[in-house]
Every structure is written in C-alpha cells, then in structure tokens.
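Enquirer: Sequence:
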Amino acid sequence: MDIFQSPLMSLPGITPEEYSYLQQATTGLTEEQLRNFLMVYSSKRKNPSDMLIFCLIGLFAVPGLQRFIIGQIGMGILYLLTAGLCFIGSIIDVVNHKTLAFEHNQKMVFESLQMVRMGGGFQQAGKF
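Residue numbering for the sequence shown follows full-length UniProt numbering, beginning at 1 and increasing consecutively.
Warning: the hint list may mix true and false statements.
Stated by the list, open to error - Distance condition first, Cα-Cα at most 20 Å in a straight line; then the derived EDC-like pairs of lysine to aspartate or glutamate:
#  : residue 1 : residue 2
1  : K98       : D50
2  : K44       : E32
3  : K44       : E111
4  : K44       : E18
5  : K98       : E32
6  : K107      : D50
7  : K44       : E17
8  : K44       : E103
9  : K107      : E18
10 : K98       : E17
11 : K98       : E18
Treat the hints as calculated values from the structure; they're not laboratory data.
The structure displayed is predicted, hence computed values, not measured ones.
Make the full structure from the sequences, and use the hints.
Expert: Structure, rendered in structure tokens:
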C-alpha cells in the first residue's frame, strides 16, 4: 500500500517515527479492526504541535499542565508545586515536546490495540 493511501496518514501531525511505529503495531489487523483502532487511537493521541502549546502554557501560566494532559498526575503536581521545577523542567519539556507526545502516543497505541483485539474497540467503548 502506498504511504499516502494509508489510513494512518489521516492522523494530524503524524511524524515518520509515529507512522513507522503504528505500521508495525497494526500489522495483522483486519480492515475493520484497523478502522476501529484508528477511531480509538485518534481520540487518545496527542498531536506534537498541541503538546508544544500545552508546554508553553505550562511554562508561562500553569506549571505542569503538559504533564496533567498526558496523564502524569504526580509529575504535574510536582511541577505545579515547584513552579515547573524552577522553570528548568518546563523549559526541558518545551524542547522535548515531540518526545513527550510520542511516548504518550506509544502508550495509547498499546491501549487501543488491546481494546480492538479484545473485540471491543470503539463499538463497546460507548455507543452514542
């Protein structure tokens, strides 16, 4: 399948590393499972450019916001109480925003694959 025809390319802000990881992770899924996976995964993933915005807000307004957003509640509280570890941690997060997003997205790939392989996917997660 051509890279530009892949349904994985429909994800906003997808990086080559994320695309490669997703391609390996979704090998062996049926077309319906892939469609369900994409629905579940796209609702959980963080776009790297959105993560940059969260990190900048975390640097200038609400220390630790980026950590709360990606589910690292303990680190978020630590950043909040220490002003982003005296701004150093927040500055590092701004520089490494793509890595933060990628690591979070890797966890979400695993969770989404578990849901899809257990037969649930988006259909059992909640019907509107």
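Enquirer: Would you mind marking each hint as holding or not holding in the structure?
Expert: The hints, checked one at a time:
{"no.": "1", "hint": "K98 with D50", "in the structure": "10 Å, holds"}
{"no.": "2", "hint": "K44 with E32", "in the structure": "19 Å, holds"}
{"no.": "3", "hint": "K44 with E111", "in the structure": "9 Å, holds"}
{"no.": "4", "hint": "K44 with E18", "in the structure": "14 Å, holds"}
{"no.": "5", "hint": "K98 with E32", "in the structure": "30 Å, violated"}
{"no.": "6", "hint": "K107 with D50", "in the structure": "17 Å, holds"}
{"no.": "7", "hint": "K44 with E17", "in the structure": "18 Å, holds"}
{"no.": "8", "hint": "K44 with E103", "in the structure": "12 Å, holds"}
{"no.": "9", "hint": "K107 with E18", "in the structure": "12 Å, holds"}
{"no.": "10", "hint": "K98 with E17", "in the structure": "11 Å, holds"}
{"no.": "11", "hint": "K98 with E18", "in the structure": "10 Å, holds"}
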